Amino acid sequence: MGVRENTGSAGGAGGTRGRRERLRAETTAEIKQVALGLMASGGPDAITLRAIAREMGMTANAIYGYFATRDDLVTTLVSDVYTALADAVDAAWEGAAGQGAAARIQAWAAAFRAWALGNPEGFRLVYGDPVPGYRAPAGGAAPEAAHRVCTGLAALAAEAWPQAEPLYADGDFAWSDFDPGLLDKVRPAFPDLPPAGVALALRVWGHLHGLVSLEVYGHLRGQTTSPDKLFRAELAQLVRALGVAEAG
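In the working numbering, the protein residues as written are 6 to 253.
Everything labelled a hint here was simulated from the structure, so no lab data went into it.
Check the hints yourself; a few may be wrong.
[Claimed, not checked] Calculated pairs, DSBU-like style, for lysine-lysine (alpha carbon to alpha carbon, straight line, at most 35 Å):
id: 1; residue 1: Lys234; residue 2: Lys190
id: 2; residue 1: Lys37; residue 2: Lys190
id: 3; residue 1: Lys37; residue 2: Lys234
[Claimed, not checked] Here are the simulated distance ranges between beta carbons:
id: 4; residue 1: Arg226; residue 2: Ala65; range: 32 to 40 Å
id: 5; residue 1: Met61; residue 2: Gln242; range: 44 to 52 Å
id: 6; residue 1: Thr230; residue 2: Arg24; range: 48 to 56 Å
id: 7; residue 1: Gly186; residue 2: Gln228; range: 33 to 41 Å
Since we're looking at a predicted model, the values are computed, not measured.
Backbone N, C-alpha and C define an ideal beta-carbon position, used for all residues, glycine too.
With the hints as extra help, turn the sequences into a complete structure.
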């Protein structure tokens, strides 16, 4: 026992620093978990550093040692959950490579729904209720993750476009119909996708986001006992509407 203690001390500042860093990481993770729990029970305005400190049995000043402001904490939460979403849909997309447009679209959509249902507070934080008074940093709380999800949606349209073009190319969309920030993400990634294709990506997003939002917020509860079957039927209809063969 004494030998191990002495070895830890003799290991110098490195061992102590390692323990401190580990404890700090664990406490930081707990703060974020408690914050999401408060949001689940009390809504976005329940996220306050004082409330978190109370839940954790810490002083407010101690919490400030981890997050200087409530906005810093919210930014970290948004970045974490948005990145997790981007990782999930990217992995599904890559995992279905070579299986055809319908399979890839369905894989991306299923991953999006699975992530949302598994992380309802994260979904609400990114896509739902704004945190009152929160001011995101310049460029947004999670610009890299937002870029990945945005280009992922454009990839759905681009994958289907060879078959979908005859069905949607006659739309009167122009580049001026879209936000420049959106085009800055989409056009470099998919230079051959025309304005009608960008519009198609947003329409696909409407299908997916709308039904998932209803489910996350509980609006389908009492309406159907089979939300999964409803979602799969919507996906089947979507790939038919895009003109791509449905995955078997």
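In rising order, the numbers of the hints this structure does not comply with: none
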